[in-house]
Structures are given as structure tokens and as C-alpha cells.
Amino acid sequence: MAIASLFVVPSWDDVRHNIWSEEMRFSLKLSLITGITSTILVMLFALPIGYALSRFRFWGKGLVKTVIDMPIAFPELVLGLCLLLLFGSTILRDILASAGINFVFTKKGIVAAQFFTALPYAIRIMKSTFDYINPRLEFVSRSLGYSMFETFKNISLPLAKNGIVASMVISFARCIGTFGTVLILAGGSYMKTEILPITLYLNISYGNMGMALTSGIVLMIVSFLAIFVFEKAEVSL
Amino acid sequence: MAIASLFVVPSWDDVRHNIWSEEMRFSLKLSLITGITSTILVMLFALPIGYALSRFRFWGKGLVKTVIDMPIAFPELVLGLCLLLLFGSTILRDILASAGINFVFTKKGIVAAQFFTALPYAIRIMKSTFDYINPRLEFVSRSLGYSMFETFKNISLPLAKNGIVASMVISFARCIGTFGTVLILAGGSYMKTEILPITLYLNISYGNMGMALTSGIVLMIVSFLAIFVFEKAEVSL
Amino acid sequence: FSGAGLIKPMEELKINFEKSHSIVIDIHYGSSGEIFAGVAAGQPCDVLIPGAEKYTDDALKNGWVLENTVTKMVLHIPVIAVPKGNPAKIKGLMDLTRPNVRVAIGDPKAPAIGRVAKQILIRGGIWEKVKSNISVYAPTVNQLLIYAALSQVDAAIIWGDLVTWAEGKGKLEIIPIEKEYNIIKTIPTAICTGALHKNTAIQFNEYITSPEGMKIWEKWGFEPCAE
Amino acid sequence: MSFLRIDNLHISLGDFYLKDVSFTLEKRDYLIIIGPTGAGKTILLESIVGFWKPQKGSIYLEKVDITNELPEKRNIGIVYQDYVLLPHFTVFDNIAYGLKKKKCCQKESKIREMACMLNIDHLLHRRPDTLSGGEQQRVALARALVVDPKLLLMDEPFSALDPQTGRETRQLLKRVISKSDITVIHISHDLNDAWALANKTAVLREGALLQFGKVDEIFNRPRSAFIANFVGATILHGTAEKNGNGLTSVNIDGVKLASIDSAINGSDVTVAIRPENIIVLKK
Amino acid sequence: MSFLRIDNLHISLGDFYLKDVSFTLEKRDYLIIIGPTGAGKTILLESIVGFWKPQKGSIYLEKVDITNELPEKRNIGIVYQDYVLLPHFTVFDNIAYGLKKKKCCQKESKIREMACMLNIDHLLHRRPDTLSGGEQQRVALARALVVDPKLLLMDEPFSALDPQTGRETRQLLKRVISKSDITVIHISHDLNDAWALANKTAVLREGALLQFGKVDEIFNRPRSAFIANFVGATILHGTAEKNGNGLTSVNIDGVKLASIDSAINGSDVTVAIRPENIIVLKK
Ligand SMILES: Nc1ncnc2c1ncn2[C@@H]1O[C@H](COP(=O)(O)OP(=O)(O)OP(=O)(O)O)[C@@H](O)[C@H]1O
Ligand SMILES: Nc1ncnc2c1ncn2[C@@H]1O[C@H](COP(=O)(O)OP(=O)(O)OP(=O)(O)O)[C@@H](O)[C@H]1O
Ligand SMILES: [Mg+2]
Ligand SMILES: [Mg+2]
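Residue numbers (this note's numbering), protein chains in the order written: chain C, 53 to 289; chain S, 53 to 289; chain A, 422 to 648; chain L, -8 to 274; chain R, -8 to 274.
Next up, chain C with everything else stripped away, as it sits in the complex:
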């Protein structure tokens, strides 16, 4: 309902024209690339961390879990500021720079911003998913000669499938939709670090409502298709 109402306002000619503009193509492409990259990175980190939080006991675990969850509560603006302070601080900046990486005002910054936005969600979901997997199944695999890592790959991961899909849906959606964090860390410069939500915002600021709505619609279509594919994958896997 709320979604459908967005389609009511714009004129169709406008949309058709805007959708093929260079800006839109640029921002769509950048959105997809960064969104997919970040989602993959998020999952690569969330799976082992979520597993460790679910299976192992250690001192201060409650604290660690809380700190990991906290960024979810931050407004995007705050999270962006935190990341800026972190990556913009002279020490880390120099270390990263010597490795040829600079997050501030760059495309890599978009990925970093999306990564840190989505990671806490993915970790939290994976932790609760692994909680539901019987550790005895993992033990059986180990008693048949598989190491802990192989067991994780062969048993824990396939069994966590439903939770992984949930994590991926949320991570990807979060990555592609986040605006404030990217804006602060990566700058949100026209045709440089411009992803779909920024196109939307920029065009509202320009007063170009047609373009803004078009980017909103494109964002919706992209996320619809991606999520639909994920959700189908859950059933067929």
C-alpha cells in the first residue's frame, strides 16, 4: 500500500526519460556493485563471528554481543560520523594509506559504510540461527573424520540455510538502501560516489522531483528483484 502510493505521483514520460539518463545508469551500476560487494563481505564476516558467538563461551560474551548489536541503534548520521572519526583519524588513515586504501570520500568508502551498517544485523541473525542447530550433528561429522572447519562448511552452513537467506536479504536491502552513513563517509558527490539513495536525495535538493522519484522506483525494482531471487533460492535450496 505504502509502496504502491509512490507510483501514483510521477508522470510516466518523465520516468521513462530519466531512467536512461547517464546519472541514473551510473548510480544504478555503482549501487549494484557496492551493494553486492558489501553483502558478500558482510556474510564472510558474519558467518564465523555469528558461529563463534553461538557456540563458544568466553568471558565478557554478553558485553561483546551488546557492542556488536549497538550500531543498529545508531542513526545513520551517527554511524557515519563514527566511521569518519575512525577512518579519518590520522593513525588509521596513515596505516590504510600505506596499504593504498582510503575510505574517506571514495567508492571504497561506500562499501565500508554499507559493510558496517549491515554487519551487526547479519551477525545477530546468524548467531540466533546457529543457536537452533543441534551441535550433535556437528559432532557426528567430526567423529567421521572431518575437522572443525570442514564440519562448519559441510554441516553447519547448509543447515543454517534459512538463516543465511534471512541475513542476506536484510544485509543486501540494508546495503542498497543506506544513505546517511554513505553520505558522511563517502561524501555523496555527484557522479562520483553517487548511489541510488543519494541520487534520490540530490535530485530532491535540486528540485528535480521527477528524477528523484525515478531513482526511488529504480531502487524499488532492484531491491524487489534481488529479494525475490533470494527468497526463491530459499525454497529451492
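For the record, the hints were derived by calculation from the structure and aren't laboratory data. All of these numbers come straight from a predicted model, not from anything done at the bench. Do not take every clue at face value.
[Said to hold, decoys possible] Okay, derived cross-link-like pairs now, SDA-like style, lysine to any residue, Cα gap no bigger than 25 Å in a straight line: (1) C:K284 with R:H116; (2) C:K205 with R:K93; (3) A:K482 with S:G140; (4) C:K205 with R:E63; (5) C:K284 with L:G5; (6) A:K512 with A:E599; (7) C:K159 with A:S556; (8) L:K205 with L:L227; (9) C:K160 with A:I436; (10) S:K205 with C:Y184; (11) S:K205 with S:I92; (12) S:K213 with L:K205; (13) R:K44 with C:R188; (14) A:K482 with C:D66; (15) A:K552 with A:I595; (16) A:K435 with A:L617; (17) A:K640 with S:M76; (18) L:K165 with R:G223; (19) L:K44 with R:K93; (20) R:K10 with R:R196; (21) S:K160 with A:I436; (22) L:K91 with S:S199.
[To be verified] Residues from chain C that keep clear of chain S, each with C-beta distances beyond 12 Å, as calculated: (23) R77; (24) I92; (25) Y103; (26) S199; (27) N214; (28) N260.
We put the beta carbon where it would ideally sit given N, CA and C, even for glycine.
Given chain C, work out where chains S, A, L and R with the ligands should sit, using these hints.
Just chains S, A, L and R with the ligands, lined up with the frame of chain C:
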């Protein structure tokens, strides 16, 4: 790390002074009330919907799941606009008004905005959680004379505990931290619909970094405490 | 509806007006872009006070505000904000051309300050040179403030009233822009086509542009328009 | 006056078919179902309790068609083959769960009594996942017995018990049943159960009901070679004699066999032994 | 030359203690562990395979201390009491899973052969949750047997099988074992297994090892009244006679008992029968 760095910049005198200001107290109180209300509402909706999505098959289920997930991908601005168009539209507005409810520019609007922001996450997590619960356990309860609803209450809910905690952590964090949606639907009125992220935003906007950072810190402390309590609850339950 | 940067004077004006007219006014703050989007989406709004004339102009074009109600109110003066201690030793506009100075300006197409900054630089004849120093075109004014306060850039061109607070707290330093280059903008106010309380709105607009209102504006660092 | 009537029950699950199973039980009947693994015994039981919906046929309980009745309305007790204890409840709460739904007093003492009889009273505070196989099985049995169902279904309820505990549990079951007018369907792989507990036996194979009738009918007049082979016990006649250690000794033409069953001293008795219980050791 | 040595093994789990269990097995030994439910049999087995860490004591396999070895390094096959099949694999993949880790050829044919022998070859494409109890149990058995472990642990591996399938499976097991030099520890509630399969028996009760020794030692010279009562079988002597339907008939002073065990016609044999298998019916 990223979090700690936020504490570095502000001067402590500033923070101490700001933390007791009327504005901060108002916005903290409003944040807590709306955050808790929304979280409760979100869970009330997410539990049955997530359960239905996990247990029942129906035509077009993939589509329904996708549409429910989609709002996660919307930048907060877009979601806010969608809600505004929905609740601001004359038809729904009149219906709601006749029931004495007005969402636009009111505190109820804050709750509505937070509710719709957090709901998709909670539903998605609850669905995947219920997927991991063996339906035979539910059947046993029914064969012992309990109706479907009683079984849901006695068996499915307690077994879904870990997933419920995950949902609540994410919902509450999302509710308390969301900014753009609330800004658009409820308007960011000083001392009226001002919640913590809006305090932060308003103060940055006129350059009062001290107050902005203070509200950031308050937000962090509140979310830290709340999440810590949730995460502890998971262990003890 | 008001630009978020105007919150301090607007709150004071609001309280005074409420007292003298014994009515209640709701003011919603947001960035100019956001409140503009709000009006576009049909949010009920009586008075629109964005951060720059561009928005009232656009709104006028779309027929969202009443033509003869657009009034210029106060001045918006661009300045150069530099981080505390002025690490790059900026003394004036021309210093922005020095190599390795990191400069942030608003996106020339988005916030009003962006367009103004570009025009200032062009008027100073240094646009092309400064361009290579610009590390970010920020779509929101807040970013400029944050980047300067956090030393992510050595200089940012920004509204003067925005940094009076931060300057007071010693986070930023202000370098005035030389008069000959500076372009001073005004903050407008307008009444919306869809206004539900048109008469009150007119009264409010009259009040905030009155000499009494102007005193409050001045108190918070805005200069009245010399009409 | 049939108590339970199964009429042409037909269920298909993947490759497996339960083929037109029909039989009738009277009140207080005790039916043992035997058959090779994968015969469909569990599926038959679970369809009576309502877990599987039959494609065809109907189930009548006390003349009421319950084929499409909700499981919670059927009032049938069941002991599952894999116990299916509720993992988030203690043993006590597992047993109490069904009882809570019933209007009756002295629930707690009833539960403790049942637990005592089944020798699981020391486990009442524990969670099911910390129990041994035999302990879990007895909890499942207690949960089903404590609610006094009119119809009790049991799927291999003694399979995880050691011989001695199995013996005690069977005796307990006999006692409980004799005091009430409960009807029982019991799946067992131990053919002795048919002799010791039941008055009717059914043989199931590949989803079809091969024979249904009185216990000795099945054992003495098997309808096919398969059944004969499956149940092929030795039947002997002798005289009971009391024996020192609580066992009954049966004298069969001079050969004495010790049995745990009790019999009046000096009475003439029939003895059944299955071939798989005769262990031959070369000297 | 001990193959497996358990030395003062001590494990505590909640209220339960496994108390200083010690015993030694030679290569090719077949040990049956018997004991009442909750005796700690499963815990003992699972500690040998590495699921529980002992508080005290040690386990030596071929003179190597494996007490703190990782489970994947121990190379011990185990059939769990509750099967623990991997739910996301087909039956084929469940059986193949352990084999994949081993360097060996003709995996597929090996799996099919094993499945054929256990009569589960028609289930290879199915998921474990659609199998009946007995089918699952045989899959678990196949999974453990197919990797040819040096030490095989089995926790009630025949409990869910009907008599006939149980008989066939026991015979298959005997055949497989006789062809290799595997050492077996087998928990069973069927005391016949001790006679039919094992050369050693251990009695466990409340976490303590009451007696350990040759099978006839336990049955004929029980060390305590509890053991005597627990294993109290009748031992008889007679002559084997071939019988029509494949069974062996034993003539004991004129009384003929049919047995499934095979024996040379006319040879003198010993017969063991347990009291719970003698069913006495009043005439
Ligand atoms: N969900 C299912 N889908 C497909 N086939 C099934 C399903 N459930 C059971 N079967 C098959 O139906 C047959 C009968 O199963 P059932 O569990 O009733 O056997 P059973 O007689 O109880 O055997 P057991 O003595 O081994 O427990 C089996 O061959 C089994 O593989
Ligand atoms: N995780 C645990 N925590 C506490 N007690 C446990 C735990 N696991 C098992 N026990 C207890 O240890 C005792 C021995 O258990 P075990 O499973 O070894 O019995 P068992 O001899 O295999 O019995 P069965 O023949 O019934 O399978 C039981 O009384 C059981 O309740
Ligand atoms: Mg079965
Ligand atoms: Mg056991």
C-alpha cells in the same frame, strides 16, 4: 573502536551541561516511550505473521515475502515519504481521523514511523526462526488437547526464544535509532516530536556540535543498556 | 516548515508570537531538501521558510506557494570555516588555490551554499584551480560542518550563521571571505497554496519580518536584509 | 458395538502407500501390531491420532467420524516411537502438560505416583535432553498414561528398555489397564508382547493388513507363509512349578524352563518360545 | 598387547557419575555391554569417541593416549542410539559422508553393496526424516560399517528392528566382522546378543563396571545377586536336529525346541534361554 572514537571529541563540561538540559530530558523520555511502544507493537505483529509465513503454504507466498522484505531496502527518506503519502492521503486520513488517530506530525506518527521501519526486520527474523522449530513438537501439544493458538503460546513461542531476542534487539535498536522516517512523517518539531536522533540532527544543523554529540552519547548509553538487558535475558530465560 | 539551521531564532520567534496571539504554532525542521520534499508530497504546511531562495522559487514554479507572499527576510553570508588551529593556514579565499589544501564545498546543484560557493570561486577567478583541491562536493550543509570540525578538510565554504555556535565552542575558526568576491544570499519566507490557516500565516510572516522580529534574528547572528 | 472402526484407510506418502486398511476394535481390546520395518505401522498409528490426513477412508471412534477432526479434539493418547518430548519443559512439566488441559484434581500427586511406578521420580526436575534413551521412553509413556485416554496408541514403547525394566514396565502397564476400560493399540517388535499383553494381533506388511484376529489365531493359523515364518514360535505343554528365586519353572516332560511369568503351582500351562530366543552353542 | 585400554575413566554429568571404569580389549574382541537404563552405557561409548571429556582417567587406543585427541583424529566408528543422521543429506550421502574422507576407490559400489546387504538400497535417494525407525537405524549402521573402522562402537543398533530383520542384520554383522579384524563394543538390551555375537561381556550399573569377562563367565559365574538376576538364563544340553523350515530343532530329553541358530545335525549343543522369553499361558 568506531564507537569509542565518538567519545574522544566532545569536552566533558559541555556534555555534563547538556545532559541535564530540558531539551535532552524531553527527547530522551520521548525516545524511550516511543521506542518501547513501537517494539512491543512490532513484536505483536511480527510473531503471528512470521509464524504464518513459516508454516503455511499459499499462492503467491514468494511475492508476499518479497513485498514484506522490501521496505528494508528503502532509504529512510523514501520510507517516510511512502508513509506520508499513505497516511496523508485524504481517504485513509479521514478514516483514521474519525477514529481519533492522526499520524502526521504527531507523537503517534513517531510510533507509526518506527513501527514500519522495524517491522520487516522482525518478520523476516521470526520467519526464519520458526523454520527451525520442528512442527512435530507442535503436533504433540495438539494431540494432548491444546488448540493451535494455545500450542503457539506454549510451544512455538518458548522455543523461538533466541529468535525473539534477536528480533527484539534489532527492532528496538532500529526504532530508537531511526531518523529519516520519523522526520518526514512526524516532523522534527523542537520539543514536540523530538526524539534523540532528531535532537542530534537539529543540533548539528545549527552548528551546536556539543549538544549533538551529547545526544549521540545518550543514545548510545540508552541502546547499550537496553540491548545488554535483552542479551542477558536470552541467557537466563 | 523551516530549515533546521534556523531553529534557534525560529523557536524564539514562535514563543513570542504564540504569546501575543495566543495560538499554537507547529514548526517542523528539516534540511531544505527534506522540507521541500515534504511540501511536494503534500504535507500540510502553512509557511515555508527554507534555507535559500532557490526553494521558494522552485515551489513557486510548481504552484506550491502563493506568488506575492514570498518575502526576503535575512541575509546568509558565506564564510570559510577551517578546523581549530587552522592547520593549512588559510587567510583568505586565494589560499584555497594552494596545492594540497583539502577543500569541501556543497554540491553546486544541491544545497544553496554549493551554488554560492561555486559562484564565489568563479568570481574570484580561481574555480578551475580550486576544483582540483576539492575533495568532496557535499549534498548537505551538515556534512560541510562535520568535515571541517573533524579536520577531514582544511577549509569549507559555509554559511556564517551556521558556525557561530561551533566557533563559540572553539571547534572551528572563521575566515571571512573578501567582500569583493562574496555573494550574499537571503532567506525567504512564503505561504503555501494549500495553507489551512492563511490569515494566521500572513500575520506570522509579518511578525518575523518586522523590526521586532529582526532583533531576534540579529541576536542569533543573522543580518537583516537591507530592503 | 465397535469402539474404533477403521474403514478402507488409504494414505500415500512419497513412494509408500497404506493400502485400504480396515479393522474394528471393541472397548477394552488390546491390539498388538507386528510387521517388518517400513511396513507402515507408525504411519497407521499417526493417522489415527491425526498427524497424517488420509486420502480415502474414514476413522470412527465411538461411532463418531473423526477422520477430519482436529487432533486436539480426538482425545487419543500416543507414545511416539522417537518420544518427541518437549525440550523446553522439565520431565515433570512434560508429564503434566496433557493433564493441565483436563479438569481434575490432585494433578501433582497423580504425576508423582505415575513417575514413581515407572521409576523416573528422581528425574522430574531434569530436561529431556539430559536423559538416557530408556529414561526418555518412560517419560513419554508416563505422559500418555497419566491423562487416562480412552484410546492409547503406543509405538514400540519398550524398545529402549533393558529386559528387567521392560518386564516391570509391562507389568505396570497390565495393572494400569486392568483397572480402567482403556483400549490399546501397541506396535511391538517383540512377539512375546502379543502373548503377554494382547487379545488381538494384526500383521502389517508393505502397507497392507495381512491378517487381523485373536492372538492364537495368528500364531496357530497364520494365513500365509510369510506370517508363519514371521511368528513361528514353538508351542509346548507342561506343568508349572514354583521356583526359588521368584521365577516360575515349567516342567515339560522332565525338561525344566524358568520363566518370569507367574502361574499357580502344579497347574497345566502352555509355553510359547520364539526361535530367535533359543541360542544354540556348540559344545 | 592391548588394543583398547580404558584406565580409571571418571566422568561427571549433573547428578550422574561414571565411576572409575577400567577395562582392556584385545584386537578382534567383541564386547557386549549390558545394564539397566541410565547405567551410563551411552556416556561410556560417547566418551570413547570423544563427545564427553573425562574428568579423570585415560583412554589408550593401540598404545596411544587418545584421551584429549580431537574426535576427528580418533578413527572410531559409532552407531548412535538415536541415529543422528544428517538431515540435509540423502541416505546415500549420509553413508558416503565418512567414506569421502578416506582415500579409497570404488566408493559408490561399496555404498550400494552395503545398502543392498542391509536392505536399504531402495531408500538411497530419500532424506532421513522420511524414513521409518528401523530404516533410519540401518542407515546409521551402514554409515558406521562402510568406513571399515578399526574400532566400532554400537549403541543398541538393533532396537528398532523387527525380529526377522534383526536376525538378518545380526548375521550380516557377523559376516562383515569375520572378514576383518575389527574390534567391537556393542550396547544391547537383548542378552541373546551376548551369546550370539560376543566373546566378552561387561555389566554396568549406576556408572560402575560391576563385572567384565568372558560371556559364559558372566552368565555362569555372576559376581553378585544383581547380575545373576539380570542375566538369569536357563542353560540346557541337547542334540541338534535339522528341521524342515530352515530352523534348527534341538532335542532335549525328548522336548524339541526350534531355534534360528544353525548347528551340525546330530551334534551335542548347549542351549540358553532367558526367563522373559518363556511365555506361560494358563490352559
Ligand atoms: N514423509 C514420508 N515420505 C515418504 N515416505 C515416507 C514418509 N514417512 C514414512 N515413509 C515411508 O513409509 C514406510 C512406512 O513407514 P513407517 O514409519 O510407518 O514404518 P514402520 O512400520 O513404523 O517401521 P519401523 O518398524 O521401522 O518403525 C517406510 O518405508 C518409510 O520410508
Ligand atoms: N547431559 C547430562 N546431564 C546430566 N545427566 C545426564 C546427562 N546425560 C546423561 N545423563 C544421565 O546419566 C545417566 C546415564 O546416561 P546414559 O545415556 O549413559 O544411560 P544408558 O546406560 O545409555 O541408558 P539407556 O539404556 O536408557 O540408553 C542417566 O541417568 C542420565 O539421566
Ligand atoms: Mg515405526
Ligand atoms: Mg543409552
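The hints, checked one at a time:
1. Pair hint K284 of chain C plus H116 of chain R holds up; C-alpha atoms about 24 Å apart against a cutoff of 25 Å.
2. The suggested pairing of K205 of chain C with K93 of chain R holds, with an alpha-carbon distance near 18 Å, which does not exceed 25 Å.
3. The hinted pair formed by K482 of chain A and G140 of chain S meets the criterion: a straight-line CA distance of about 23 Å does not exceed 25 Å.
4. Taken as a hint, the K205 of chain C and E63 of chain R pair is honoured in the structure, with Cα atoms around 15 Å apart against an allowance of 25 Å.
5. A C-alpha spacing of about 24 Å is found between K284 of chain C and G5 of chain L, which places the hinted pair at or below 25 Å, so the restraint holds.
6. Restraint check: the Cα-Cα separation between K512 of chain A and E599 of chain A comes to about 10 Å, which is no more than 25 Å; the hinted pair holds.
7. With a C-alpha separation of about 13 Å, the suggested pair K159 of chain C and S556 of chain A falls inside the 25 Å cut-off, and the hint holds.
8. A threshold of 25 Å between alpha carbons decides the hint, and for K205 of chain L with L227 of chain L the separation of about 19 Å falls inside it, so the pair holds.
9. Between K160 of chain C and I436 of chain A the CA atoms are separated by roughly 47 Å; this puts the pair beyond 25 Å, and the hint is violated.
10. For the hint linking K205 of chain S to Y184 of chain C, the alpha-carbon distance of about 19 Å falls within 25 Å, and the restraint holds.
11. With a CA separation close to 16 Å, the supplied pair K205 of chain S and I92 of chain S stays within the 25 Å bound.
12. Of the pairs offered as hints, the one joining K213 of chain S and K205 of chain L is violated, with about 50 Å between alpha carbons and a cut-off of 25 Å exceeded.
13. The suggested pairing of K44 of chain R with R188 of chain C holds, with an alpha-carbon distance near 15 Å, which does not exceed 25 Å.
14. For the given pair, K482 of chain A sits about 17 Å from D66 of chain C by alpha-carbon distance, which is consistent with the 25 Å threshold.
15. Distance check on the hinted pair: K552 of chain A and I595 of chain A sit about 21 Å apart at the alpha-carbon level, within 25 Å; holds.
16. Straight-line distance between C-alpha atoms of K435 of chain A and L617 of chain A comes to about 18 Å, which keeps the hinted pair within the 25 Å bound.
17. For the suggested pair K640 of chain A and M76 of chain S, the alpha carbons sit about 23 Å apart, so the restraint of at most 25 Å is met.
18. Distance restraint check for K165 of chain L and G223 of chain R: the Cα-Cα separation of roughly 23 Å lies within the 25 Å cut-off, and the hinted pair is therefore satisfied.
19. Taking the CA atoms of K44 of chain L and K93 of chain R, the gap is about 44 Å. The hint is violated against a cut of 25 Å.
20. For the suggested pair K10 of chain R and R196 of chain R, the alpha carbons sit about 10 Å apart, so the restraint of at most 25 Å is met.
21. Between K160 of chain S and I436 of chain A the CA atoms are separated by roughly 24 Å; this keeps the pair inside 25 Å, and the hint holds.
22. For the hint linking K91 of chain L to S199 of chain S, the alpha-carbon distance of about 13 Å falls within 25 Å, and the restraint holds.
23. Distance to chain S confirms R77 of chain C as a non-interface residue, since its nearest Cβ pair spans about 19 Å, more than 12 Å.
24. No beta-carbon of chain S comes within 12 Å of the beta-carbon of I92 of chain C; the shortest separation is about 17 Å.
25. For Y103 of chain C, the requirement that its beta carbon stay farther than 12 Å from each beta carbon of chain S is met, with the minimum near 14 Å.
26. Against the 12 Å criterion, S199 of chain C stays outside the reach of chain S, whose nearest CB is about 25 Å from its own CB.
27. In this structure N214 of chain C is not separated from chain S by more than 12 Å, as the shortest Cβ-Cβ distance comes to only about 4 Å.
28. Interface exclusion of N260 of chain C from chain S stands, the closest Cβ pair being 15 Å apart, more than 12 Å.
Consistency with the previously given hints fails for numbers 9, 12, 19, 27, ordered from lowest to highest.
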